[in-house]
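**Student:** One line per chain: the protein sequences are A and R, in this order.
According to our numbering, the first sequence is numbered sequentially starting from 78.
According to our numbering, the second sequence is numbered sequentially starting from 1317.
Keep in mind the hints are simulated off the structure, nothing from the lab.
Any given hint might turn out to be false.
[Said to hold, decoys possible] Here are some chain R residues pointing at chain A (derived, C-beta under 8 Å):
(1) Tyr1431
(2) Ile1461
(3) Ser1462
(4) Lys1548
(5) Tyr1553
(6) Ala1582
(7) Val1583
(8) Ile1594
(9) Phe1740
[Claimed, not checked] In the SDA-like style, the derived pairs of lysine to any residue whose C-alpha atoms are separated by at most 20 Å in a straight line are:
(10) Lys1830/R - Thr452/A
(11) Lys171/A - Ser188/A
(12) Lys1428/R - His260/A
(13) Lys519/A - Gly509/A
(14) Lys290/A - Arg1789/R
(15) Lys86/A - Leu96/A
(16) Lys1715/R - Gln1890/R
(17) Lys79/A - Thr195/A
(18) Lys1557/R - Pro392/A
(19) Lys1354/R - Ser1470/R
(20) Lys304/A - Ser1432/R
(21) Lys171/A - Ser1545/R
(22) Lys156/A - His1580/R
(23) Lys544/A - Arg1562/R
(24) Lys171/A - Ser1561/R
(25) Lys308/A - Lys1557/R
(26) Lys1708/R - Tyr1741/R
(27) Lys156/A - Ile1522/R
In this text, a Cβ means the ideal position worked out from N, Cα and C, and glycines have one as well.
Residues per chain, in single letters:
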Amino acid sequence: MKLFTRYLKPVAGIVSLGLLIKVFGTLAELALPYILQYMLDVVAVRNKIKDLILWGLIMIAFAVLCAVLNIVANRMAAKVARDAARTIRHDLFKATMNLSAETVDKFTVSSLESRLTTDTYNVHHVIGVIQRMGVRAPILLFGGLIMTFMLDYRLALVMLATVPLIGGAVFFVTLKGTPLFRHAQSRTDDMIRVVREVSQGIRVVKALSREEKERARYENVNRELVKAETKASATMAAVNPSMNLFLNFGLVAVILIGAIIISRPGSGMKPGVIIAFMQYFTLISNALLHITRIFVMLTRAVASAGRIIEVIDSPDDMEVYSSRDFPSDDGAAGICFDNVSFSYKKKKKIIKEVSFFLKSGEKLGIIGATGSGKTTLINLLMRFYDVDSGSVRIDGQDVRTVCRDKLHGFFGAAMQNDFIFSGTIRENIDFGRGISDDDIFKALRTAQAERFVSELDDGLDYKLNSKGTNLSGGQRQRLFIARAMAGKPRILVLDDSSSALDYKTDAALRRAIAADCKDQTVVIVAQRVSSVMGCDLILVIDKGRIIDMGKHEELMERCEVYRETSESQMGGAIFD
Amino acid sequence: MIRRKSSERAGTPKAEAMSREKRRKTISRLAAYMIRYKGLVIVSTLFVLSSNIIALLGPSVSGDVIDIICRYTGNEMIARVMPLCITLAVIYIASGALSYIQSFLLITLSQKITYSMRKEIFRRLTELGAGYFDTHQTGDIISRISYDVDTVNSSISSDLIQVLGSAVTVFGSLFMMARIQPVLLAVFLITIPFSILFARHRSIRIRPLFRKRAAKLGQLNGYAEEMLSGQKTIRAYRREKVITSRFDERNSDAVESYYNADYHGAVMGPAVNFINNISMALITMLGGIFYMFWVGNEQGVTSVLPLFVISLGGVSKFVQYSRKFAGPINEFANITNEIQSTLSAAERIFRILDEEPEQKGDVVSTELKNIKGDVSFDGVSFGYVPDRTIIKDVSIHAKPGSTIAIVGPTGAGKTTIINLLMRFYDVDSGSIAVDNVDIRSVPRGGLRRCFTMILQDTWLFHGSIRDNIAYGRDGAGYDEIVEAAKSARIDEYIESLPDGYDTILSDDGVNLSKGQKQLISIARAMLADSPMLIMDEATSNVDSRTEANIQKAMRTLMSGRTGFVIAHRLSTVQNADMILVLRDGRVAERGSHDELMQMDGFYSNLYNSQFE
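The shape of chain A in the complex, shown without the other chains (with noise of 0.2 Å):
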């Protein structure tokens, strides 16, 4: 709801008129049962067919007045709807992109990715309608009640006392079909669970001719499916003939006690009231099941800006200190890790009192098992996330006290399972830095990603799909390196970004490091030992603490662990 008044405030006037203008326009449709009834009764009996005409002509300038305005009313909902949706979205996505990465951790990036789509839409819809329906649908229920009242309250008495049946019976059935669909929707779940488990695993099953098996395993999810379905529907088609039963047995009392008023000497009732109560009747219990449908709606719409606004209004946990807070320390120019110990949403500690430091220009390596801790320490020395304790500064200067766009305008990253998103390859590259074409060549250069580049038909223009799905996983690493080199960035990180490069590639890719980034601090993260070992700088972590540090020979000599994986060649693949 917050989100609404939020949004809708600005618009308050225009939403009001439109409003207003829907008020008339509904009204002018309540009069025209009213009109019916008085030609009928009233003008026909006077038997002046230039009247009748008269009365006839009014009815359909109300017609078309009613047209008009709803139109007019409808149109103006629109815009509303359009100009509050796209500045939700908006506000939406801009907020969504500076989330920190704990915050995207706790919402997860496919509740993130349904807020966008699946919510904003229920939101932009639900503005739109509720400004259509919501003010039409109770006048017409209430004026058309009114209405009656006017034209005989006994007969309005009838009519009222089945709208609650109707309403009871509409609810009801909505509220027991809800959780039936509910289920129906989690045996589709299962249905497509099945079919894609099949579609991604055919091998495996044709490999131990598993077909029955799978179709029996498919039979069973299927029958379910069908019986919960039908289950469901069946439930909710009783909604319509209820209602319509209802209300029809409302109307056969409105004329039967309507022929009883009328038979009475002297009630003054003409028939045309009956007429008039049958429109009436249609009218009312059409703004019925409109309610209902909003009522749904809304429900629906309510949750989902809940959803939005808790993005939108999540606290930024990134906050920039002043260096009062923390404390630089000054003359100091490269990485320092000063005592650092961290845990993801503070639960097992991950990294635990580490400190190094590496001066400005040099390499620095880091080597350890998957889950030991390595692409954490990344994290923190580009500010994904905060130190629980310690510190860590750049040039001396801890990272909490620099604002983000310094900060991260430090780093030329290439990440592990970093994106790439549908475009040509100089628009990844590029990342709309406005990058010169001889600067990705020379960055593709660098990160041996020249030559196969070249090779594709279109070279800088060769259109990637999303997720890189056209590029080998060598391929894909490669252009990540030359994306992070291309911003000539002062601290290039390279986060394990040369594991499915053969040994060849990986070699020539360190050397050209090596040669093309001599004024620029690297840092190397590897599971390989040749990746790191021309490093000045070397760690060697293991569950989360650095067990040694320093160059590959000294590391050689006194770290067992360190020569270990040297010797097995522990988690690299020689081969492609």
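Given chain A, work out where chain R should sit, using these hints.
**Tutor:** Leaving out everything else, chain R in the frame of chain A:
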């Protein structure tokens, strides 16, 4: 959210004729499904017809009541009204019951058809060759078996009733109105053109706008999804502003096309109402005049021809029928639209069903029994598409129990060798034989059972660990499963889980590491116990302990079996009896590690590069 493009738009007259022909075929195939349940179809048609006809009686009876009210007074009137009201109530109960039964029957029918459609699709999927899944995205397959089938399904259960019911209602109410007052029908000469114009407007102007709106929204969602997956990178490169402004462009497009559809669509509701209201006004006007004549005739003041008179009850009936009459006409444009999308959905379904199963054309003459495990490739050539040969004249001989390591750069044809061995594809020329029997002469199932295959991307399904291991062999006992897990060195880990072997592997359940998943699939292979083994060694990095376990488990698995391993690790290669170095689809070098090193060729070059 992303709606599919409607079926291909016909360009030339010839294409149009072809697509019409295709359409006709699709319809007749859909009809064939209906015919399969013809009893149900006939019964539900009867119910649709009868419930609509009965619903048509309502206004007629209520109009009669009004006439009685006008004509009679006092108790006589009540006495006459009473039975009619009871009739009315009965009609409404009957109509309600009939319409519920009718929907129920149609739901049953559509679910039956859905069920068998899905069953057939899935059956066909399991019969198709692996190649089909190489060229078709899983998402697309899923959308056909769920979304497309649902579209057809809802069309059968709702559109069908609507069309049938509408036809009855339109003609029924037209007939009723003509009986009451044929001259009043002239009103529709004015309003029906309105309806037709409006329907045309809707189909020509508005519907494309809705299609566009769906497409733009799909693009927006796609973009949002994509960028979200790269959020961290975007932040790292400080591209938030650029990306957000690109998002804004798409956002604007999306809301603008939504608005466009809404702007023109805003006419729809009011316009339908307007047409109805105009009818009502004209009917009341004309009807009022005729009623005036009727009153005059009744009082003997005038003597207007019966063609131009109507009773008050007649007006009531007429107004109600006119509403019933107008409804379906307004909906007509909608239904044709639905039918269009149903047909394209059905076409997509039938396209899967029309794929040729891999067994087609197989000539099976022998069975493989008591396999020793002697495998030979003799001058094998193969390409996935006719003009691009991937494997060129490859000959290999693997003695029973030996291990063959296959190495080579990406794209050299390593995986293709395995595809051919398992007969996921058949050779173009040359032959592959197991124990000197050409594999094309044995049933695929039998051949594949001789192999156990472990792929890089471990495939586990939603289910317990026990079921996942037992997948390798029917009716494997608990002890055997544990035994297999022990040989795969994963038993200890499984036991450490709270539910042990009954732990359910699901998307959101326990998170097994890649290495652990691999060990489970090795356990599965142990249990399957086939005489031959095919393995694509994982390149993924796992921790050293798991890595060591995988190596040991693999060695246990390979002993005594003929094995083909796409190798990435030195230890595997060193232990192999023979190494095949593939390059551009040919065997470039072959021999043991030492032999190849001495050759000082491609292999030794590859090997030495690690020390550079």
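**Student:** Take the hints in turn and mark each one as holding or not.
**Tutor:** Going through the hints against the structure:
no.: 1; hint: Tyr1431; result: holds (5 Å)
no.: 2; hint: Ile1461; result: holds (5 Å)
no.: 3; hint: Ser1462; result: holds (6 Å)
no.: 4; hint: Lys1548; result: holds (6 Å)
no.: 5; hint: Tyr1553; result: holds (6 Å)
no.: 6; hint: Ala1582; result: holds (3 Å)
no.: 7; hint: Val1583; result: holds (6 Å)
no.: 8; hint: Ile1594; result: holds (5 Å)
no.: 9; hint: Phe1740; result: holds (7 Å)
no.: 10; hint: Lys1830/R - Thr452/A; result: holds (18 Å)
no.: 11; hint: Lys171/A - Ser188/A; result: holds (16 Å)
no.: 12; hint: Lys1428/R - His260/A; result: holds (19 Å)
no.: 13; hint: Lys519/A - Gly509/A; result: holds (18 Å)
no.: 14; hint: Lys290/A - Arg1789/R; result: holds (11 Å)
no.: 15; hint: Lys86/A - Leu96/A; result: holds (14 Å)
no.: 16; hint: Lys1715/R - Gln1890/R; result: holds (18 Å)
no.: 17; hint: Lys79/A - Thr195/A; result: holds (19 Å)
no.: 18; hint: Lys1557/R - Pro392/A; result: holds (19 Å)
no.: 19; hint: Lys1354/R - Ser1470/R; result: holds (18 Å)
no.: 20; hint: Lys304/A - Ser1432/R; result: holds (13 Å)
no.: 21; hint: Lys171/A - Ser1545/R; result: holds (14 Å)
no.: 22; hint: Lys156/A - His1580/R; result: holds (12 Å)
no.: 23; hint: Lys544/A - Arg1562/R; result: holds (18 Å)
no.: 24; hint: Lys171/A - Ser1561/R; result: holds (9 Å)
no.: 25; hint: Lys308/A - Lys1557/R; result: violated (50 Å)
no.: 26; hint: Lys1708/R - Tyr1741/R; result: holds (15 Å)
no.: 27; hint: Lys156/A - Ile1522/R; result: holds (17 Å)
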